[in-house]
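Peer 1: Numbering (the UniProt record's numbering), first residue to last: 1 to 136.
If you are wondering where the hints come from, they were derived from the structure by calculation, not from laboratory data. Note that beta-carbon positions come from the ideal geometry of N, C-alpha and C, so glycine has one too. Certain hints may be false.
What the hints assert, rightly or not - Label pairs and their calculated CB-CB ranges: (1) Glu103 - Met1: 33 to 39 Å; (2) Lys64 - Phe93: 32 to 38 Å; (3) Asp75 - Asp8: 18 to 24 Å; (4) Arg19 - Asp68: 16 to 22 Å.
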Amino acid sequence: MYLHLKQDLCQSMIMELDRSITDAKTMTRFIWNSYINWGLNHPARHRAIRQLAVSEKITKETEKLADDMFPELRDLCHRSVLMVFMSDEYRAFGDGLFLALAETTMDFATRDPARAGEFIALGFEAMWRALTREEQ
């Protein structure tokens, strides 16, 4: 189930990705916006993937399969995310931080759709500062 949901999510995130973008922050913003929109449009799937992602039920082999399905997303993470959150010891914690910020962003965007764009932009900036190596 996790791989199916992850494949659906990742396909929607990279479907319209402009591969000529080389700036990590710009590309990550595009991925963030796509992730948030996917979650807003598929709340049950988002809840399921969130619960599975932070559970201990996902094996390292399953994580690797998911990472290998979309190498451009994996490579972006390796270029941008703090190495501590890429380690086996803290990956789930980093994922949890990302998902908590994304969920909060979605909650506020749902409550006040007229300001959804503002919440998505602010959520991205909070995530970028919390999880990445550099201010770009």
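Peer 1: Look at each hint and say if it fits the structure.
Peer 2: Cross-check of the supplied hints:
{"no.": "1", "hint": "Glu103 - Met1: 33 to 39 Å", "in the structure": "violated (19 Å)"}
{"no.": "2", "hint": "Lys64 - Phe93: 32 to 38 Å", "in the structure": "violated (19 Å)"}
{"no.": "3", "hint": "Asp75 - Asp8: 18 to 24 Å", "in the structure": "holds (20 Å)"}
{"no.": "4", "hint": "Arg19 - Asp68: 16 to 22 Å", "in the structure": "holds (18 Å)"}
The structure fails to meet hints 1 and 2 from the earlier list, while all remaining hints are met.
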